[in-house]
Amino acid sequence: MIVEALAFYLFAAVAVACGVMVITSKNPVHSVLFLILAFFNAAGLFVIQGAEFLAMILVIVYVGAVAVLFLFVVMMLDVNFAELREGFAKYLPIGAAIGIVLLAELVLIGAGWVFGPDVAGVAASPTPALSEATNTEAIGRILYTKYVYLFQGAGMVLLVAMVGAIVLTLRQRSGVKRQNIAAQVARDAKAEVTVVKVPTGSGV
Amino acid sequence: MTELPNFQPATPEIFLAAASMVLMMVGVFVKPKQAYRTVNTLAILSLLAAAVLVIMVGGSTEAGPQLAMFDLFIMDDFAVFVKILILIGSVAALIMSQGYVQREGMARFEFPILIVFATLGMLMMASANDLMALYIGVELQSLSLYVVASFQRDSLRSTESGLKYFVLGALSSGLLLYGASLVYGFSGATQFDLIVQSIASSEETPLGLIVGIVFIIAALAFKVSAAPFHMWTPDVYEGAPTPVTAFFSVAPKVAAMALLLRVMLDPFGELIIEWRQVIVLVSILSMLLGAFAAIAQTNIKRLMAYSSIGHIGYALMGLAAGGEIGLKGVLVYLAIYVVMNIGVFACILTMKVQDRMVEGIEDLAGLNSHAPITALVLLVLMFSMAGIPPTIGFFGKYYVFAAALDAELYALAIIGAVTSVVSAFYYLRIIKVMYFDEPKEAFDKRQPAGLRGVMVTSGFLSVALAPFLSVIVTPAGIAAASILAP
Amino acid sequence: MVNPELWFEGVWWSGYALPTATIVMYILAIVIPVLISVAYLTYAERKVIGWMQLRKGPNVVGPFGLLQPFADGLKLFLKETIIPSGANAALFVCAPMLTFILSLIAWAVIPFDEGWVLADINVGILYLFAISSLGVYGIIIAGWASNSKYAFLGALRSAAQMVSYEVSMGFVIVSVLIIVGSLNLSAVVEAQRGLWFVVPMFPMFVIFFVSILAETNRAPFDLPEAEAELVSGYNVEYSAMTFALFFLGEYANMILMSAMATTLFLGGWLPPVDIAPFNLIPGVIWFGLKTALILFGFLWVRATFPRYRYDQLMRLGWKVFLPFSLFWVVATAGVLVAFDWLPD
Numbered sequence: 001m002i003v004e005a006l007a008f009y010l011f012a013a014v015a016v017a018c019g020v021m022v023i024t025s026k027n028p029v030h031s032v033l034f035l036i037l038a039f040f041n042a043a044g045l046f047v048i049q050g051a052e053f054l055a056m057i058l059v060i061v062y063v064g065a066v067a068v069l070f071l072f073v074v075m076m077l078d079v080n081f082a083e084l085r086e087g088f089a090k091y092l093p094i095g096a097a098i099g100i101v102l103l104a105e106l107v108l109i110g111a112g113w114v115f116g117p118d119v120a121g122v123a124a125s126p127t128p129a130l131s132e133a134t135n136t137e138a139i140g141r142i143l144y145t146k147y148v149y150l151f152q153g154a155g156m157v158l159l160v161a162m163v164g165a166i167v168l169t170l171r172q173r174s175g176v177k178r179q180n181i182a183a184q185v186a187r188d189a190k191a192e193v194t195v196v197k198v199p200t201g202s203g204v
Numbered sequence: 001m002t003e004l005p006n007f008q009p010a011t012p013e014i015f016l017a018a019a020s021m022v023l024m025m026v027g028v029f030v031k032p033k034q035a036y037r038t039v040n041t042l043a044i045l046s047l048l049a050a051a052v053l054v055i056m057v058g059g060s061t062e063a064g065p066q067l068a069m070f071d072l073f074i075m076d077d078f079a080v081f082v083k084i085l086i087l088i089g090s091v092a093a094l095i096m097s098q099g100y101v102q103r104e105g106m107a108r109f110e111f112p113i114l115i116v117f118a119t120l121g122m123l124m125m126a127s128a129n130d131l132m133a134l135y136i137g138v139e140l141q142s143l144s145l146y147v148v149a150s151f152q153r154d155s156l157r158s159t160e161s162g163l164k165y166f167v168l169g170a171l172s173s174g175l176l177l178y179g180a181s182l183v184y185g186f187s188g189a190t191q192f193d194l195i196v197q198s199i200a201s202s203e204e205t206p207l208g209l210i211v212g213i214v215f216i217i218a219a220l221a222f223k224v225s226a227a228p229f230h231m232w233t234p235d236v237y238e239g240a241p242t243p244v245t246a247f248f249s250v251a252p253k254v255a256a257m258a259l260l261l262r263v264m265l266d267p268f269g270e271l272i273i274e275w276r277q278v279i280v281l282v283s284i285l286s287m288l289l290g291a292f293a294a295i296a297q298t299n300i301k302r303l304m305a306y307s308s309i310g311h312i313g314y315a316l317m318g319l320a321a322g323g324e325i326g327l328k329g330v331l332v333y334l335a336i337y338v339v340m341n342i343g344v345f346a347c348i349l350t351m352k353v354q355d356r357m358v359e360g361i362e363d364l365a366g367l368n369s370h371a372p373i374t375a376l377v378l379l380v381l382m383f384s385m386a387g388i389p390p391t392i393g394f395f396g397k398y399y400v401f402a403a404a405l406d407a408e409l410y411a412l413a414i415i416g417a418v419t420s421v422v423s424a425f426y427y428l429r430i431i432k433v434m435y436f437d438e439p440k441e442a443f444d445k446r447q448p449a450g451l452r453g454v455m456v457t458s459g460f461l462s463v464a465l466a467p468f469l470s471v472i473v474t475p476a477g478i479a480a481a482s483i484l485a486p
Numbered sequence: 001m002v003n004p005e006l007w008f009e010g011v012w013w014s015g016y017a018l019p020t021a022t023i024v025m026y027i028l029a030i031v032i033p034v035l036i037s038v039a040y041l042t043y044a045e046r047k048v049i050g051w052m053q054l055r056k057g058p059n060v061v062g063p064f065g066l067l068q069p070f071a072d073g074l075k076l077f078l079k080e081t082i083i084p085s086g087a088n089a090a091l092f093v094c095a096p097m098l099t100f101i102l103s104l105i106a107w108a109v110i111p112f113d114e115g116w117v118l119a120d121i122n123v124g125i126l127y128l129f130a131i132s133s134l135g136v137y138g139i140i141i142a143g144w145a146s147n148s149k150y151a152f153l154g155a156l157r158s159a160a161q162m163v164s165y166e167v168s169m170g171f172v173i174v175s176v177l178i179i180v181g182s183l184n185l186s187a188v189v190e191a192q193r194g195l196w197f198v199v200p201m202f203p204m205f206v207i208f209f210v211s212i213l214a215e216t217n218r219a220p221f222d223l224p225e226a227e228a229e230l231v232s233g234y235n236v237e238y239s240a241m242t243f244a245l246f247f248l249g250e251y252a253n254m255i256l257m258s259a260m261a262t263t264l265f266l267g268g269w270l271p272p273v274d275i276a277p278f279n280l281i282p283g284v285i286w287f288g289l290k291t292a293l294i295l296f297g298f299l300w301v302r303a304t305f306p307r308y309r310y311d312q313l314m315r316l317g318w319k320v321f322l323p324f325s326l327f328w329v330v331a332t333a334g335v336l337v338a339f340d341w342l343p344d
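Protein chains in written order, with the working numbering: chain A, 1 to 204; chain B, 1 to 486; chain C, 1 to 344.
Calculated directly from the structure, the hints in this document are not laboratory data. One thing to keep in mind: the hints can contain errors.
[Unchecked claim] In silico lysine-lysine, DSBU-like type, Cα no more than 30 angstroms apart, as pairs:
no., chain 1, residue 1, chain 2, residue 2
1, A, K26, A, K90
2, A, K26, B, K33
3, B, K31, C, K319
4, C, K149, A, K177
5, B, K164, A, K90
6, B, K31, A, K177
7, A, K177, B, K33
8, C, K319, B, K33
9, C, K319, A, K177
Chain A extracted, bound-state conformation (with noise of 0.2 angstroms):
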């Protein structure tokens, strides 16, 4: 018990210093190098409550390909970085006023479950025990029945997004010389290849 609390609290205390110096530190990269941290973090604490199956996706996902995507974006940019800062201070009491009334929300759901217990026992689907099914089973019995729907529409959505960015940005310069590997591979020697008898000492 006490080291998985310990564990909470480190994951927990370190994912939340991340999260801060996502917006705090200077250089862009490094905010993103702690937005990674920080989603390592809740990768870990998923793995103390269980939910092993969502960590690793997580990880995955996030990590291994959308952050790394950020990063790539982040280390292209050419921004003045002093000149956004000037803002921030400028920015700051109405980013902080929203923030306010998000915590605040938060709490009164939090509030709401610890007040109305009653009311945690009627999720829409709520999870098996961990004797009956592990959590990667669990999520794919219901994803993939019940919530069948959802998820090809999710599909859909997914992909209108890649017809959205291919629409937007691809254009098919002219004067670019392709490889034609089907061509290549068609080629013939008889076709291609000419055997000049050379008489001696007269060249080509």
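Take the given structure of chain A and dock chains B and C to it, following the hints.
Frame of chain A; chains B and C shown alone:
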């Protein structure tokens, strides 16, 4: 093995999803030059086929609503009515867009496909029976719309409008999710009928639930562009390519409005006392903004943006009234709004001087002298927009005002009447410009047949439908009854 | 024999100290052999390629040159670590450590023999996949922190390459695990008792093998360090121990990926046929032999094939492997359902 869900009521959506993928394949494998035309034609056909399927599936809803996909999806008379409106809007938008798209270098086959995707999202919205299904539908629709808004990717205005729409749309999605999570947290359900049960069983409504509802209203008000969540509307309407604006002003509005109606009256119907004031406020603000901000506009697309904000305000009046009469009023209003708006945008699409689109109101000067038919159609439509009898626009307003009076929302009705008079000013100003100002450069004579057809049909219906309004009112009544049936 | 548990009896931390000590022992028992294997993998590489090219390879330090890797290690250890003045010092030093640590922690879930696994977690495959997908950070951070254009170009290439090939690797893994019906690596091996997956899933094995070549930035996909264009790519600014850590990490990753391929396709610790002379040999030996076989494949490929061009590399990943592996996943699932062979 687990049993398969009931697919049958969702046949139109499944068909449309499959069709969109087939269309993509067609687009890739047809010769590039013909790709756009082929895909556009096929897209129109598949939307029409989907409409037929909606009617076929909907024909069997007499026995009450049909649930599908483990109760995440609902098909009732309300859904049928709304879906038909959405499909009409999308088909009209695709037909109208043909000429413009080819002229302005947007003729890539993805355009009709994205419209089909957006339509699919809207159909899913109209049939949502669950907060999650609602969200997926909204996202599918919005994402497609962000892309089509910036479809003219070499135009600064178009990309800017797409970006603005995207950023603000993402914010509203965030609000929606936040509200939905609050509702789920306090009711323990995402499915609408279970939320109803949860609300009915608790003696006191939790505060968090009401906060959640307000968030959901704010997000959906953003999607229907009601004040004070309208900020994106004028810029996006002005910047997006005109056929896209035409599409924006019709189908997504209907879908989002339908969603608002269903969410407010189905799961949260019991709580009307709690949310009515919010809707009344939104409605009043929208009507005022629509009336007064439009006066100063010189760009006709911007004008139409404010006009649509105002119209949404009137439609919300019916929702504030609640009950079957109010709901019926909103549905009739929406149907009439679709007919009028398609016509107006068809007229705007003909505004072309030497192959260059113009959008200023003063460009319409003296339209009567060189394009009498367009001028006449626009005249009729403007009368209808202003709500002057005997056009159908008058009857639309009549039904929502009647509902508001019936629900004893007198202040709302009075403000509505006043703003309606104010807004008549700018509609009539357009007529004055067309008929009495010095003629300017003539518009190009040659117009695509499809565009002309849409324009004339819409103008004709705006008058001719008035005596036969029961065509709209009767199904609207059935639809309204279906959603309120216990 | 003294029962070690008695030493701590009555002490409040007795419940923690012993498990901690045991785990540290286990970890050392895995890490030290891995590091020795890394040392001899570098030796083997030079020997094998030498023989393939009709040379002798290292043969001076120690008998048959067997002490060569240690001599190299010592040299790197004694050199000065140079941090370029324009570099981001903290990240510059972190990157090789990250690479090295990642290549070691993945070993926690690899089953060397029946029950010989440090952490027999339910999502073993996902854990491996997650760790291997993190490998890109070491390289990208190194490239950026070096503040050198060659290093940065190498890092960009490598990031794009690893992300691309991860996709098809993911599908290969999916196709394996739908046959097994579990994400646990021991279960994956057990499912191959009778028939190794390399037989029915041969195309997937080939895709997996090529993908791990790309994932470890090995020839013919070693564009990130293409010495002809990028001098040495992301590690051009590194020297001494920082370089040594990259080097160790890269080779440990190769061994790890080979172990993963062994577990997924070659039946892990299982003998090829379950009869007398074979099943008497301990499973861990079989595991080592199979891993060595795959590693030999790495070296063989390096000695044989020329480097890919970057667009060819991308095309192979996205236009060949991705569609094919996607098709194979669907086909596998279809066959399993059609013949009712699904695991429960």
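* Has the given pair, K177(A) with K33(B), been kept, meaning a C-alpha gap of at most 30 angstroms? -> Holds: K177(A) and K33(B) sit about 22 angstroms apart, inside 30 angstroms.
* If you draw a straight line from the CA of K319(C) to the CA of K177(A), is it 30 angstroms or shorter? -> With a Cα-Cα distance of about 18 angstroms, the restraint between K319(C) and K177(A) holds, given a limit of 30 angstroms.
* Quickly compare the C-alpha distance for K26(A) and K90(A) to 30 angstroms and report which way the hint goes. => holds (17 angstroms)
* Please work out if K31(B) and K177(A) have their alpha carbons no farther apart than 30 angstroms. => Holds - the C-alpha atoms of K177(A) and K31(B) are around 21 angstroms apart, at most 30 angstroms.
* Going straight from one Cα to the other, do K319(C) and K33(B) come out at no more than 30 angstroms? -> Within the cut-off at roughly 25 angstroms; holds.
* **Satisfaction of hint between K33(B) and K26(A), Cα-Cα up to 30 angstroms** => violated (51 angstroms)
* Quick one, are K31(B) and K319(C) close enough, alpha carbons at most 30 angstroms? -> holds (21 angstroms)
* **Holds or violated: K149(C) to K177(A), with C-alpha atoms at most 30 angstroms apart** => Within the cut-off at roughly 26 angstroms; holds.
* To do: Below or equal to 30 angstroms on CA atoms is what counts here, so check K164(B) against K90(A).
  => holds (22 angstroms)
In the structure shown, a violation is registered for the earlier hint numbered 2 alone.
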